[in-house]
Every structure is written in structure tokens, then in C-alpha cells.
Amino acid sequence: MEYVFQLLLFFIYITISSYAADFVQNPDFEIPPANLTTANATAGANSIPGWSVNGTVWYVPLTSSSGGGHAVQLGPNGKISQTIKATGGDDVLHYILSFTVAAQNQDCANNLTALNLTLHDSWDTYASKLIYMQKNSTRNLWERHALYLGQLGERDYVHLQIESVATNSQHNNVTCWPLVDAFTVNTNFLPRWYNGNWMSNGGFEVGPAFLKNSADGIILTSEEEMLESPLQQWSILGTIRYIDSRHYRVPRGEAAVELLSGDPSGVRADFTNLPTKYTYTLNFTVGDANDSCVGDFTVHVQVGSSAVYNFTMHSNGTGSAFKQSLKFKVDEKPSSSRETSITFYSFDEGRTRAGLLCGPVLDSIFLAGSYGERVRPCICNGILLLVFSFFIAFNLHT
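When the letters of the sequence shown are read in order and numbered with the numbering used here, they come out as residues -9 to 388.
These are calculated hints, taken from the structure and not from any lab test.
No experiment lies behind these values; they were computed from the predicted model shown.
Check before you lean on any hint, since a few could be wrong.
Unchecked claim - Using 16 Å as the maximum straight-line C-alpha spacing, the simulated EDC-like pairs for lysine to aspartate or glutamate come out as follows:
1. K119 to E213
2. K125 to D97
3. K75 to D114
4. K119 to E214
5. K319 to E329
6. K202 to E153
7. K119 to E218
8. K125 to D206
9. K119 to D97
10. K75 to E153
Said to hold, decoys possible - Label-pair restraints from in silico Cβ distances:
11. R343 to K267: 19 to 25 Å
12. T342 to S118: 31 to 37 Å
13. N158 to T77: 40 to 46 Å
Ideal Cβ placement from N, Cα and C applies to all residues, glycine included.
Model the full structure from these sequences, guided by the hints.
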């Protein structure tokens, strides 16, 4: 039943995401600047349709190996911006931005290409995030990234600005200016819980939108605030890859996460006031993404501030999956608000045959509480029992 709910949620999510391009005007820059000449450089406000432009911004053609089409490259003080408006009607939804970043050459791909994203929403709050291209994380010079835009309702909006960050190549002292392309925005419902699972989005089905023609997943970088993460209900540690079942081995459902690099890399879920009377069972699956990631990997699970459980797997890089389980209790705390964090993390870094970063895959996280020998019933079972009782009562009186 849990799997059916997860699949239903994912298909609803895909249906909503299919209209993602409507949120962003000229998202892939295929509508050229009106004043385009033989030179690539463009400058001046509104020179690229749908976008406000400041500083030096180049409108550049892409090679066929990069998918063709066009992108923009942010040069000195280069900025592009656009206002994204909510279109969910009466629904309040989470808005997630996905976009592609590229380095101008191989030297600039090694953590030397960076950009800064700034958000200013209708509530007059600001947020910013600095993004670096990760070293050896994709097959080419392009990476897919994601950013949480906010929880938006009717008439809400968020103003997005993308700005270049100047970095220098170590080998030839060339300044590395980032390229950006393929912006999409998808919307997700607010967190929901199914079939007695206390862990919302335990299957990682709710997150940023995948591009159909991209086989490298989506790079997600450190985000300590769970409520500001593009991966719903999960804080992000280090660097992870959000992967889909079209291009990777996913243990269950349509999406999972691969722990790539960091000190450590992983995900964390936070809970407030978990009842102390229950014994909790935490089930999850670790494996590999079928991306030739070979080696021994240890996934650590930390519950609260002290208890750490270690799970080691050997990967042949062919899509293995291992179900794991542990039990724990929540300690009594004197404070009125008890927070318990459950963190999955790894210090291991692997490499595929192509030399790309890889690591253990995490999926299918299920948290349940039991009281003595009796598992705490989920709300769906209670509803079924209530319906059945009404059915019996109705038949007894007819």
C-alpha cells in the first residue's frame, strides 16, 4: 500500500512538473536578443527576451555535443534576473528551480566555475546561495543544479537574480565565467505522510524536476535548513546526486539519492516531540546506482545526538540493493520541545570507470513506532476500520 501511495504521489508530481517551463520566460534562451549581431556580446536591460540583463552577458551558441541551441555566459559583473509568479490558484505549493551550469573549458570545471543566486520574494525576504561546479561529477562540462524558491500561494512571487563570480584557472590564468541554461520550475504539494510512515518523502520521490534528455542526475549541495531544501523534508550535507530510474538503478520508485562527497555527504530529517513511549523501527535500502561504482561503502545512521549505527556494503557497481533495519527509542528530555534528528551520511568517495564521483545510494526510508508488541496503527487503517464499522451498523439496521 505504501508503494502505491508513493507511485501515486510521484505521478501527481510529474503531472504538475510537466508545465514547469510556463513559470520561466525564455527558459532555454532559444528566443534570441533583438539586437543580436555577429558578435556574441550583449548588454543593456531587457536585451534577452524574458530576462533583465546587467553587466557583461554573452549569448552563445552550443555545440551539438552539448545538445545544441543557445545559452548565456555571465561575464564581468554579469547578471540576469526574472520574476517568477505563483500560478497555483488557491493552493500553496513548494516551488523548485532547476537549471544547468557549464564551465567554459576543462580547467574551469574543477571547482573554479561559480555563480551566486539571490532570491527576493513578495514577503520582502532575501536569500542567496553560492554554487560551484563540482569536480568530476558529470560526463561533460554541464551540471544540473536545483534551488528551493519558496512556499508560494496566490499572487505570491519571487525575484530571481543570477550573478557571475570571477574565478581564475590554475593552469593558464584565464578567468572562468559560468554558462547557464535550461531553467525549469516545478511545484510540489506540501509534505504528506502515508501508510504509517513517520518519514515524509522517505522514498525521495518529491524533489526537483529531471530533464528527460539529461543522464547525469541533479547535483544538490549543502543546505542545513530542511524547510529551504529542494529535496522536500530533507536537509542536505555535503554534495549528493538526485537520481532517477530512467538513467540509474533506483532500489524502489522513481528517484533516490547518491551520496557523493563532503565531510560527510548525506541527508537529515528533523522531528519535533517524537513520543517517548514508542519503540521505533527504521527501515531503509542502500545500494549502488549501476554506474560502475565499485568498492566498500559505509553508511552511518545517527539518531539524535549520540547513537550511531554503521552499515557497510560492497558494491560491484551493477545496481545492488540491500535492505537494512534498526530499532531505537527516544530519550526523555526535560525541555518542552524535544527535537530528534535522523541523519544518513557517508565519508566514502568512489569513482566510476569514467573517473566520475560516485557513492552509496539511499532509498525507501520507512519509520514506524510500536508500543510494546503492537505496531502503532496508521491513519489509513483507522479510516478503513471506521468505514467497515459504519457498513456493519448500516446492515444491522436494515
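Hint by hint, here is what the structure shows:
{"no.": "1", "hint": "K119 to E213", "in the structure": "holds (9 Å)"}
{"no.": "2", "hint": "K125 to D97", "in the structure": "holds (10 Å)"}
{"no.": "3", "hint": "K75 to D114", "in the structure": "holds (14 Å)"}
{"no.": "4", "hint": "K119 to E214", "in the structure": "holds (12 Å)"}
{"no.": "5", "hint": "K319 to E329", "in the structure": "holds (13 Å)"}
{"no.": "6", "hint": "K202 to E153", "in the structure": "violated (27 Å)"}
{"no.": "7", "hint": "K119 to E218", "in the structure": "holds (11 Å)"}
{"no.": "8", "hint": "K125 to D206", "in the structure": "holds (14 Å)"}
{"no.": "9", "hint": "K119 to D97", "in the structure": "violated (23 Å)"}
{"no.": "10", "hint": "K75 to E153", "in the structure": "violated (20 Å)"}
{"no.": "11", "hint": "R343 to K267: 19 to 25 Å", "in the structure": "violated (50 Å)"}
{"no.": "12", "hint": "T342 to S118: 31 to 37 Å", "in the structure": "holds (33 Å)"}
{"no.": "13", "hint": "N158 to T77: 40 to 46 Å", "in the structure": "holds (42 Å)"}
The structure fails to meet hints 6, 9, 10 and 11 from the earlier list, while all remaining hints are met.
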